Amino acid sequence: MSTTQSAAATNTTRNNRKHSGELVKGSTEIVKVCHIRDPSCFYVHRVEDAGTIDNLSDELTKHANSFTSPPDSVLTNGLYIVQFYQDKKWYRARVRSIHPSTDPKSEDMADILYVDYGNAEVVPLSRLRCIPPRFSNLPAMALHCSLFGIVPANGKWSPESVKCLAIMVNGYHVKMYVMDHSHDTFKVDLCQIPGETFDNDVPISVRDALVFLEHACFLDEEKFKIPKVERNAQFFQQRDFQKGTAINVVVSHVDSPHSFYVQKLGDHARYLSSLMQDMEKEYSSAVNKGLIYKPQIGMPCAAKYTVDKRWYRAKIIDLPGNKMVEVYYVDFGNQEVIPWTLLRKIQPQFLRIAAQGIHCSMSDVMPKQQQWTQDVANFMIKQTAEKVLKLYIDEVQRHQLKVTLYYPKNDIDLCINGLIVREGFATSVGVSSSLVEYHKMDSLLYTVPPPLTTKVQPTKSSKKKPVMNVKSQSSVGASNPPPHMRTSEETTEVTPEDPFRLEVKVLSCPSPSCIYVMLINFSEQIKKFCLMCELQEFYSSSRSHVDKWEVNNKCSAFSVKRKMWYRAIVIELLPDDQAKVFMKDFAEVETVPILNLQLLDPKFLQIRDGAIKCHLAGIKAAGDKNEWPTLACEYLNELIDKYSDTCIAKKGEIEDNSLPVELWVKRIICGGPLEPTREEWFTLNRQLIDQGLAIPVKGESEAESIPSLQVLRELEERSEETIKDNVTEWLKLSSQIEGSSKTESSDVPIESNDDGISDIDGTSIEDEAAAIPSEITDWLPALPITKKQFKAVPTFVDDECYIYLHDYEQNSDTLTIIGNALHSRFKKSEPKPHDQYWFPNQLCIAQYHTDKKWYRGKVMQVNDDRTVKVMFVDYGNVEECKASELRKNIYMTHIPIQSHKCFLKGIKP
Numbered sequence: 001m002s003t004t005q006s007a008a009a010t011n012t013t014r015n016n017r018k019h020s021g022e023l024v025k026g027s028t029e030i031v032k033v034c035h036i037r038d039p040s041c042f043y044v045h046r047v048e049d050a051g052t053i054d055n056l057s058d059e060l061t062k063h064a065n066s067f068t069s070p071p072d073s074v075l076t077n078g079l080y081i082v083q084f085y086q087d088k089k090w091y092r093a094r095v096r097s098i099h100p101s102t103d104p105k106s107e108d109m110a111d112i113l114y115v116d117y118g119n120a121e122v123v124p125l126s127r128l129r130c131i132p133p134r135f136s137n138l139p140a141m142a143l144h145c146s147l148f149g150i151v152p153a154n155g156k157w158s159p160e161s162v163k164c165l166a167i168m169v170n171g172y173h174v175k176m177y178v179m180d181h182s183h184d185t186f187k188v189d190l191c192q193i194p195g196e197t198f199d200n201d202v203p204i205s206v207r208d209a210l211v212f213l214e215h216a217c218f219l220d221e222e223k224f225k226i227p228k229v230e231r232n233a234q235f236f237q238q239r240d241f242q243k244g245t246a247i248n249v250v251v252s253h254v255d256s257p258h259s260f261y262v263q264k265l266g267d268h269a270r271y272l273s274s275l276m277q278d279m280e281k282e283y284s285s286a287v288n289k290g291l292i293y294k295p296q297i298g299m300p301c302a303a304k305y306t307v308d309k310r311w312y313r314a315k316i317i318d319l320p321g322n323k324m325v326e327v328y329y330v331d332f333g334n335q336e337v338i339p340w341t342l343l344r345k346i347q348p349q350f351l352r353i354a355a356q357g358i359h360c361s362m363s364d365v366m367p368k369q370q371q372w373t374q375d376v377a378n379f380m381i382k383q384t385a386e387k388v389l390k391l392y393i394d395e396v397q398r399h400q401l402k403v404t405l406y407y408p409k410n411d412i413d414l415c416i417n418g419l420i421v422r423e424g425f426a427t428s429v430g431v432s433s434s435l436v437e438y439h440k441m442d443s444l445l446y447t448v449p450p451p452l453t454t455k456v457q458p459t460k461s462s463k464k465k466p467v468m469n470v471k472s473q474s475s476v477g478a479s480n481p482p483p484h485m486r487t488s489e490e491t492t493e494v495t496p497e498d499p500f501r502l503e504v505k506v507l508s509c510p511s512p513s514c515i516y517v518m519l520i521n522f523s524e525q526i527k528k529f530c531l532m533c534e535l536q537e538f539y540s541s542s543r544s545h546v547d548k549w550e551v552n553n554k555c556s557a558f559s560v561k562r563k564m565w566y567r568a569i570v571i572e573l574l575p576d577d578q579a580k581v582f583m584k585d586f587a588e589v590e591t592v593p594i595l596n597l598q599l600l601d602p603k604f605l606q607i608r609d610g611a612i613k614c615h616l617a618g619i620k621a622a623g624d625k626n627e628w629p630t631l632a633c634e635y636l637n638e639l640i641d642k643y644s645d646t647c648i649a650k651k652g653e654i655e656d657n658s659l660p661v662e663l664w665v666k667r668i669i670c671g672g673p674l675e676p677t678r679e680e681w682f683t684l685n686r687q688l689i690d691q692g693l694a695i696p697v698k699g700e701s702e703a704e705s706i707p708s709l710q711v712l713r714e715l716e717e718r719s720e721e722t723i724k725d726n727v728t729e730w731l732k733l734s735s736q737i738e739g740s741s742k743t744e745s746s747d748v749p750i751e752s753n754d755d756g757i758s759d760i761d762g763t764s765i766e767d768e769a770a771a772i773p774s775e776i777t778d779w780l781p782a783l784p785i786t787k788k789q790f791k792a793v794p795t796f797v798d799d800e801c802y803i804y805l806h807d808y809e810q811n812s813d814t815l816t817i818i819g820n821a822l823h824s825r826f827k828k829s830e831p832k833p834h835d836q837y838w839f840p841n842q843l844c845i846a847q848y849h850t851d852k853k854w855y856r857g858k859v860m861q862v863n864d865d866r867t868v869k870v871m872f873v874d875y876g877n878v879e880e881c882k883a884s885e886l887r888k889n890i891y892m893t894h895i896p897i898q899s900h901k902c903f904l905k906g907i908k909p
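Straight run, no breaks: the sequence shown in full-length UniProt numbering ends on number 909.
Just so you know, these hints were derived from the structure itself, not from any lab. Just so it is clear, the structure is predicted and the values come from calculations on it, not from any experiment.
Derived BS3-like pairs: lysine-lysine, alpha-carbon spacing no greater than 27 Å straight-line: (1) 853 - 901; (2) 390 - 402; (3) 105 - 89.
Estimated spans, in silico, between C-beta atoms of each pair: (4) 594 - 154: 29 to 35 Å; (5) 243 - 602: 17 to 23 Å; (6) 510 - 697: 16 to 22 Å; (7) 569 - 349: 50 to 56 Å; (8) 695 - 155: 51 to 57 Å; (9) 696 - 578: 38 to 44 Å.
By construction, the Cβ of each residue, glycine as well, lies at the ideal position given by its N, Cα and C atoms.
Go ahead and model the full structure; you've got the sequences and the hints to work with.
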């Protein structure tokens, strides 16, 4: 008995060395963190050992259940089988110390370390069992590690630093770089595996992140910095992809349904074929010319593929050692580890076309298990090999396309997404994978004429566009976009030819010392428009909760007045769970319930604020007052309202985040009989002085104007600094979200399961499945009419004499936002095969035949001639549409129906 225990004790260190002997300085390994004490002390499992760990746990449990007696004596440093108190399973553990009991009725206790997981526990001796040699001779599965080259920022690792590390690595497979090795500890860095996430193609260093978040600092930053992997050099990138388009492709490489590569046919394929022939001639004739003696990660190169011995364009993505280099073939998507002698410097003429390997992910499919198996990859290869496929782009991500693949035949289209679901390899989570065979319809080949029996609507307005067909005679109508969404095509401003002025729109003007403006720039207007659409779409299905909001927190706020989500800042916390927020893109202040606030997602922090704070430079209130009198504020607002064309010129340095400016306006001076009409620009700064409402500040009023290009650069630099601060704040607030990832490093042996395994696009499969919204069966009903009288705009009268009305004040802006969002999303979309199949009461997005714009709709009837009768729910009219004019991927579902169905009271036919 004692001999076995002694042998087990002495074997522990030897087994650790045996297990770690394969890992040396400079090597890499795919691992999963199993226990964290702090960044200087944590344990990992090698992914290749996952099956061994599971089997070992089962075998130990069987053995312990067969031998129920504890050891006669327990040795310090001895190896035993110990029952873990939470799951009641048995694990290998080493006794670190024994604590005799002072109470005769109590058991002696042992301080033990679970050698296969890294966590410790104090247990009674009755929970120990003797370990047979066949188990004690196995190496420890947990590798003891420490992040290399960093120390705590404040001399001691804080709980926040441990929590941050756990968030970054817990549940994910990561790539471990062994930087050094001493005793039984590996000094390492942990990085994301290249290609594991769509939003970031390069391994992210955990060390760098901890330093960036000020939890740690480098001992010697330059010496120990790990080079980053860039999957595509920028001259290899293709960017000409648009959502909703269809292209003919061939599949060039398959890793899984969520990571495969295709090549476009047509000119692209011909260019690539010609390029490959030229490369073969160039590098086959020059034997050792252009050898790369010092390969670097991220370097573009020519590489000789070991299978067919031909030369291809490639990029170095890893240096595994032993004079081997891992390359990524940019035109095909596959990777290979080859000797460095098979690399050559790539000639400039081979860099002129973009990488032809397009990284794709199938839409609406999820694996049956926690991760994709090789069987599904083999099945995809078999189904797509040497076939020309039709690829529909569902979503354009940063370096990956979400797509639906079809194999077109004479009479049907086979959906590959649906096929892997039908064959049992995947689960369908959306319409793109719901069917396999789509029978081709005649409506795709020719236009179906309207049936002779089509009923004519009683009013001509029914065949007008579904937007306001009985428009008010006033100069402004409900179909006009709200001021903050109007594009440059709708304005007639003439920018003054002055290099010192920037054309702006004044959003609000509380006083001459506080003015908010927005730059009039077409690209910025488009960006802001897309931002608003994305905000509505994102927060219609996303919910988060922050335990405690604070003043100056960035958030997304749902406006009670406008019924939309806006980027905002909390400026005051009020009683009764209310908050006063500042809509920072449109310079409006509103009081909203706390429940209307959500955490602002990082992707919405990357765009600078629309509202820019300014103050009139070189003047102060007359009478040397500290505050501007009401008369001055009112007069300034009258001038701003009077003149629509405004510009600013920066004068001096930014003060308290406010831009010192001259505010210029343009007035039109009508000419006489012999004089032309002319324009005149003047400053409101001078106008206030001339009216006796302000006095010039000596020295400031003579300051020189700053060129507009320099002002734009300065605003951009300040915006980048603000974005960094926003991200830091987001990390702080996100830790308060309910349901966030558990990050405590509890002393529990983590079981080998893959619930948190990261998928190819960077989000865990579990998270992606959770993010799938439940099926929507109807549009939200119209908000009830609460006013006895309101200004209404009629849009349609049906056969039953029901009148459909819009509340002019309530609906005008919302209709414009819906219309613009749908037009932006569907204007260049093409119908998929599943868009040809409809049934009554199904929701849709429909294109109106007159104006070719897109509107929210609902299928009322499917006719025998394959046309579909659709109600345009925001207007009330019912129209017959071709199936190819409808789309199933509905949008703007969070906004209620905008039309009110009414009838005239007190009359009947």
